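Visitor: As you go down the protein sequences, you meet chains A and B in turn.
With the numbering used here, letter number 317 in the first sequence gets 320, and the count goes up by one each step, no holes.
With the numbering used here, letter number 118 in the second sequence gets 455, and the count goes up by one each step, no holes.
Please note: incorrect hints may appear among the correct ones.
Said to hold, decoys possible - With a cut-off of at most 25 angstroms between alpha-carbon atoms, the simulated DSS-like pairs for lysine-lysine come out as follows:
(1) K36/A x K386/B
(2) K386/B x K21/A
(3) K341/A x K306/A
Claimed, not checked - Taking beta-carbon pairs under 7 angstroms as the criterion, some of the chain B residues facing chain A (in silico):
(4) V373
(5) F374
(6) E394
Simulated from the structure, these hints should not be mistaken for laboratory data.
Small disclaimer: the values here were computed from a predicted structure and weren't measured.
Quick reminder that beta carbons are idealized off the backbone N, C-alpha and C, glycines included.
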Amino acid sequence: MEIKKTSLNKLHQTNNAKFVEFAGYEMPIQYSKGIIEEHKFTRSHSGIFDVSHMGQLFIYGDESLTEKLEKIFPLDLKNLKQNCSKYSFLMNEDAGIYDDLIITKIEEGYLIILNAACKDKDFEILSNLLGSKFKMNLDNNRSLIAIQGPKSVEILKSIINGVDQLNFMTGNWFDSDNQKLFVTRSGYTGEDGFEISISNDKAEKFVENLIKKGAQLIGLGARDTLRLEAGLCLYGHELDINKTPIEANLRWAISKSRLSNGGFIGSKKIMNQMQGGASQIRVGIKPEGRLIAREKTKIFDDKDTQIGEITSGTFGPSVNGPIAMGYVNKEFSKVDTKILLEVRGKKHPANVCALPFYKKNYVKGIN
Amino acid sequence: MSEVKFSKEHEWITLEGDVATIGITKHATEMLGDIVFAELPEKGSNVEKDGTAGVVESTKAASDVYTPVSGEVVDTNQAIVDDPSKINEDPEGSAWFFKLKMKDQSEMDSLMNKEEYDKFAKESSS
Numbered sequence: 004m005e006i007k008k009t010s011l012n013k014l015h016q017t018n019n020a021k022f023v024e025f026a027g028y029e030m031p032i033q034y035s036k037g038i039i040e041e042h043k044f045t046r047s048h049s050g051i052f053d054v055s056h057m058g059q060l061f062i063y064g065d066e067s068l069t070e071k072l073e074k075i076f077p078l079d080l081k082n083l084k085q086n087c088s089k090y091s092f093l094m095n096e097d098a099g100i101y102d103d104l105i106i107t108k109i110e111e112g113y114l115i116i117l118n119a120a121c122k123d124k125d126f127e128i129l130s131n132l133l134g135s136k137f138k139m140n141l142d143n144n145r146s147l148i149a150i151q152g153p154k155s156v157e158i159l160k161s162i163i164n165g166v167d168q169l170n171f172m173t174g175n176w177f178d179s180d181n182q183k184l185f186v187t188r189s190g191y192t193g194e195d196g197f198e199i200s201i202s203n204d205k206a207e208k209f210v211e212n213l214i215k216k217g218a219q220l221i222g223l224g225a226r227d228t229l230r231l232e233a234g235l236c237l238y239g240h241e242l243d244i245n246k247t248p249i250e251a252n253l254r255w256a257i258s259k260s261r262l263s264n265g266g267f268i269g270s271k272k273i274m275n276q277m278q279g280g281a282s283q284i285r286v287g288i289k290p291e292g293r294l295i296a297r298e299k300t301k302i303f304d305d306k307d308t309q310i311g312e313i314t315s316g317t318f319g320p321s322v323n324g325p326i327a328m329g330y331v332n333k334e335f336s337k338v339d340t341k342i343l344l345e346v347r348g349k350k351h352p353a354n355v356c357a358l359p360f361y362k363k364n365y366v367k368g369i370n
Numbered sequence: 338m339s340e341v342k343f344s345k346e347h348e349w350i351t352l353e354g355d356v357a358t359i360g361i362t363k364h365a366t367e368m369l370g371d372i373v374f375a376e377l378p379e380k381g382s383n384v385e386k387d388g389t390a391g392v393v394e395s396t397k398a399a400s401d402v403y404t405p406v407s408g409e410v411v412d413t414n415q416a417i418v419d420d421p422s423k424i425n426e427d428p429e430g431s432a433w434f435f436k437l438k439m440k441d442q443s444e445m446d447s448l449m450n451k452e453e454y455d456k457f458a459k460e461s462s463s
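Isolated chain A (complex conformation):
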């Protein structure tokens, strides 16, 4: 299959991107300054991320669509205000996660942002569940640009009037350069920021404008270190079809009202695990010293019994040390529990720790 390119591919090349294949797309892993510089620039200034490979699924409908979607997602969508976003997941009957996503209620229905590697299958699953009554559009004509970091609001405001009025996890349509952009105040770095949905033919010029105003392009490499410092899950690593939201320690993302009544796909398993507890739980892990424990690193107790596995591990540039997330047996999930990580045949000490590794700077309430 031919590798797909986003509408910003040329711009990445001009900016000396090193490319990798990611979910069938040629994506920039880093630019000339490297992952650590890019990471730090995002935390101190403003980073631009091309996330156009992600799916932008528009589903059109009225209250009957809301009712249908409540049978799928563990969210209180009836009480979700228009232009408000929620983090959620698409699950199977066993509460295994097909994908994690952001869903926003818009005037026309819903906008769901899906992972690139999952979006086509998600579309198929949702089509089957929703039937033919609702028009669905996995929009390939729009790019998705994230701008993240403390200077992002000033920079974006100077191009799109009024975006500074958005609260965290809300969005709206804005007019800029004779077209409609959908902007949400959200992101996946632990920083204040925005995601902008823009038609493909306008994306390059828009990003060039952001660069002129002082933002810089950031690759997927720094996106990974940023989200890991922020303690956020990445599908295919922390989350997959064999993990449930309870095991992934994402109970907060399930609406309280839905936890008592259920009625969504996977609710039985979730309610069972809520009572009995999950046998394994996602935790933050800090290796002692400088050792990096990568994905698939085995976790042991002091009696040489394997108690879990690392799902993501790297060096955290803002933490200035190694960080990781993984799953451990429930009895080892308390903060400050001593564990051992097997790296290159040797066992190294590490500690279970609280997430996030890096404190968030989200803007919660403006209005």
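Place chain B on chain A using the hints.
Guide: Relative to the frame of chain A, chain B by itself:
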């Protein structure tokens, strides 16, 4: 000091008397990206030509460091373990990895000179 020689695994080596100093090339650091971890062989241990003699990790991945010649490890550079970013800053100078007392200096003969290595590095990265 002898001419600097290079291996296909992107190590550089110089010889002074029978003690070889070994590190990784600038080209290698450019391929690896930001180095955030380094592990070196133990002083007093013996390493064999083309065997592993350490590890470097970038933000992206871990890579083995090989030794282009055999010998006994007589010194290691603790400064790069304490601050691995030094490897990116000065890979072919102050950020050397380890020193070996060589057994067989003829092992140097099969290694590349600078011109040959530059050509090899250019070809292997394109």
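Visitor: Evaluate each hint against the coordinates.
Guide: Hint check results:
1. K36/A x K386/B: Since the Cα atoms of K36/A and K386/B sit roughly 35 angstroms apart, the hinted pair is violated (cutoff 25 angstroms).
2. K386/B x K21/A: With a Cα-Cα distance of about 33 angstroms, the restraint between K386/B and K21/A is violated, given a limit of 25 angstroms.
3. K341/A x K306/A: holds, 12 angstroms
4. V373: For V373/B, the interface hint holds, since the closest Cβ of chain A sits about 4 angstroms away, which is under 7 angstroms.
5. F374: OK, holds: F374/B within 7 angstroms of chain A, min 5 angstroms.
6. E394: holds, 5 angstroms
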